[in-house]
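Fit chains B and C to the known structure of chain A by using the hints.
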Amino acid sequence: MSEKKVVVIGGGVAGLEAASSIAAFGVEVALIEKDDHLGGHVDQWDRLFPSRRPAKEITGYLIERLNEKVTVLTGTEIQKIERFGKNWKLTLNDSQTLIADALLLATGFDLFEARKKEEYGYGIYDNVITSADLEKKFSLDGKIRNAQGKVPERVGFVHCVGSRDEKVGNLYCSRVCCVTAVKQAVEVSEMIPGCEVFCFYMDLRMFGLDFEALYKESQEKWGVHFIRGRLSEAFENQDGSVLVKVEDTLAGRPLKMKVDLLILMSGMVTSSGTKKLMDLLQLETDENSFLQPSDRQLQANETGIPGLFLAGTCTSPKSIDETIADSRAAALRIMEYMNSVGSQQSAVSSQLLKTNDNK
Amino acid sequence: MPHFGYTISTDRQIDYDSNDKRVAKYLAEHEPSFMICISCGTCTATCSAGVFTTFSLREHIGNIKRGEIRNIKAEAEKCMLCGKCQLACPRGVNTRNVILNIQRAFEALGL
Amino acid sequence: MTFDLFVLPFFLGLITLMVILAVKYAGWIKGFQPSDKDLLRQGLFTRKSLDATGEVLMESLLHRKMFRRNALLGYMHMSFALGWFLLIVCGNLESRIYSKVHLNPPYYPIFLKYFISDGRVLSHELMSIPGVFRLLMDIFLLFILTGLVLALIKRTSSHWFGLRKTTRHSFSDRVAITTLWLIFPLRLLAESFTAAQYHHGSFLTNNFGDLLNSFLPVKQLAYPTWWAYSIALGCFFISLPYSRFMHIPTEVMLIFFRHYGIKPALHFNHYSNFEIQSCPKCGVCIDSCPLHTNANEDGIPPAYFLRALKINQPEISSTYGCLLCGRCGEYCPVGININALRVSQRIRYAKNLNGSFTYLKPADSQVAEVAYFAGCMTHLTPSIKISMEKIFNTAGIDYNFIDRDGSVCCGRPLWMAGKEKQARELMEHNKKLIESTKCKTIVLSCPICLKIFREDYGINIEILHHSQYILRLAEEKKIDLKKTDVQVVFHDPCELGRGSGIFEEPRQLIRQMANLVSASEERNMSICCGGSLGSTGINCYQRDEVSMLTLEALMANNPQAVITACPLCKKTLQKGSPVEVRDISELTSSLIDTKKISMPELVNQEEN
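Protein chains in written order, with our numbering: chain A, 1 to 359; chain B, 1001 to 1111; chain C, 2001 to 2608.
Hints listed in this document are in silico derivations from the structure and should not be mistaken for laboratory results.
Here's a subset of chain B near chain C, in silico, CB distances under 10 angstroms, partners left out:
| # | residue |
| --- | --- |
| 1 | Ser-1033 |
| 2 | Thr-1046 |
| 3 | Ala-1049 |
| 4 | Phe-1055 |
| 5 | Ala-1074 |
| 6 | Cys-1079 |
| 7 | Arg-1091 |
| 8 | Asn-1097 |
| 9 | Ile-1099 |
| 10 | Arg-1104 |
With a straight-line cut-off of 35 angstroms between C-alpha atoms, the simulated DSBU-like cross-links for lysine-lysine are:
| # | chain 1 | residue 1 | chain 2 | residue 2 |
| --- | --- | --- | --- | --- |
| 11 | C | Lys-2024 | C | Lys-2263 |
| 12 | C | Lys-2483 | A | Lys-276 |
| 13 | C | Lys-2361 | A | Lys-256 |
Backbone N, C-alpha and C fix where the C-beta goes; we use that ideal spot for every residue, glycine too.
Next comes chain A alone, as it looks inside the complex:
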């Protein structure tokens, strides 16, 4: 059993948790990460919903859990993946080769390129930023200033940017942006006492157990305003402030308002790392362009290809607790697979999946 080896591609939350879960069984794991640090997106964030705990608590815990069975290869990319008997053979960009009994894709998500929603002015107006930009500001020094260096008196959050939008080809909901927006709204209110905060939403998807409480807190304790209406466009005023055009659907009238800072809640899209692997493995995706597992409820970590598994946000938008649970499930599936290689194969899904040796 100790000769078995698993390669986990992606060093974010999903990859980290899966790697340590598998290593806990005594199996060798190679954890490949293209950036030069572990922790993925979460490591870049400041505090997490709903408890507002520091993000580094999560990533720190996960990184510490990696035991000596896990070989971490950061700054490493994959050039080629081939079938090698029942196993996989990976060629890395430094020409190193790895043989693995099982392969786990944990390549995560990318944020929607907000520039594509040109009418909101990201990349055009200086005072339009994304939630990721804002989170960086939180991490940096917690001093929120607009592009002109002024402390904002009014801040607006735009929900569903790049999600639930036929015009950019992403019909799905990115799940976590609503609660992130409310969290950031609360944080901004905390950091800038007296600042008016507005959230422009279509729906408020506060699905987790404590999320509704956060929503209530935002209104009750911090006076965050919620306007049900989707922005059609934003304009820039002479002084750099941003004028938003929206319909206040609950009041039934168009509304215009000036904000000092407009924050776009960019959704999740398939990561470039995932796309590269799709190319290397000749995988196809569903119409949402995330990786499609064999069965989203019963076989959420399997692909129908023996030895190829999926975990984390590469298959769909997820929150951190969902990602961790998903990764543990993937690890268990991988262990089951490796203990009965050849005799047990996952049901092949109807989804088109081609491997190299089927060509």
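This is chains B and C only, laid out in the frame that chain A set:
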């Protein structure tokens, strides 16, 4: 307005059962994307006519679905068909065809 | 002899056809609007008629445009048209040899081989005038028959002819085409049966006759076959005005009228009949339509729309589904103005659909040299209007951004939907706004606005698209452009390219800034981005299909970016494009040398 001892009060409720939903039916048949509107209001927000008038496509679609068609015919005439709403709609509602079919519905139903 | 009963079907059929055509055409021409009648009168005895004759020769007979589309297709159509024309002309000349009378009845040359088989002695020498004529007639008949074979093949293997799909014919068309296809084989048989007895034919009819003689009773079969030939002709003539073959005489008339300057009007009128009935249903337009090819939208290509228009009202789906992209017009060998007819039908449908724009309050604006009208769509692509302002400012132009705070729509979307009356209300409003600026030039960012401003607004100022204007600024050295090595492709917007004839200026501008590669379909053959406001009927999935087709053509030579000149194209293509999509103004703005300011400002600075 003076009350003459009693008032015949018409309630504000939408009487869904007795409302005329034929316009909605016509639209569902001739422009099916009418059904997928989620009333987000982006159309109204960007509307060229909305700057000058009470025209609100979100509101009118919503009202038609409930059978509240009282002033819809006159409202639909205000649309410039400029297409900004269609470019903005996140659901892919064929808004301009909804407007044309609202007008055709009233004509076809003799309303 | 110069008569037999069997000529009657042909003769009566011909007379019926002539009468029907005369009555129809006279009625239509009589009903022309006065301005068109004037054009007709003025053009009739001028060089225009000669030009028209030339075009009739080139297109109706030689089918030059068809040849350009596909050689086999061109040959097939040409063989029928030119072949039959030559048979008639040559046959008439040939008949003079044999007839003592100066003026022969029309059926004499058609059935000549029968009439000269009356026992008279004829020279069988090839190198004589009769011999040469006999040879020629056989050559022309063979010419047509080769075309017939191709036509039969085309029904099942249209891809050989460059057509992915070929027209599905209506019942009356099938009747007409069947009679047409029977005519020449029957002529061959009749002449061959006769030639077997008298050898009055040439290489084709003599030899084929001999072959038939070896196993058939040619003497008995000849006469009935002449009857059959005559009946086929007669039936064809009678069915002609009610079938696609009405195009044969009508397109000739159309070509003449076009040369005289007559154009389709906004509303259907008698002249429209000439356009509608000129469609040969050749089916070349079917492949050109991005909706039909990719989105399987039925009834939209002109071949089907015009057929429906001829007999009754076309469906709303085919009337309003069309993108009005105009690509079919480029393919049409007859040059029918299909977009105009489509809009006329929409006007019919929209007759009772009102519009009310009394809420527009008169507006006026500041005086300036140049007015800039961004248009509705540009407000949803702010990068374009910001780029334009940067360009104006760098060049030191005295401009007024007249719809900075929001536009009243130019009116063209209403116009395209058949609500032209209502469009005029918006146009009035915008006209007054523009006139209040007393500008000499108006610059538009949106080609949709550009087209209606140029064609229907009736304002007496210079109307330019921003790509043309920026090119001018560069030529006048009011802006300095940097050249980079970026490889880009230009997407021709429908309303700018085919719609307004502007293909080269955007390219000239781009070449000064980047390396321009071509798309696999471009200029007048470019494919619609899918966003067209011309269509109200199609859904978002169909638009995606069209976009995919366009992007495929654009990516043919691996550009690093797509440059376009329309905000709607930009937004629409961006959705599925694997590379960046930028407007030509954004490209300029990013490469403009902003440190260089225009001369007048420099002078002012120095003076200060």
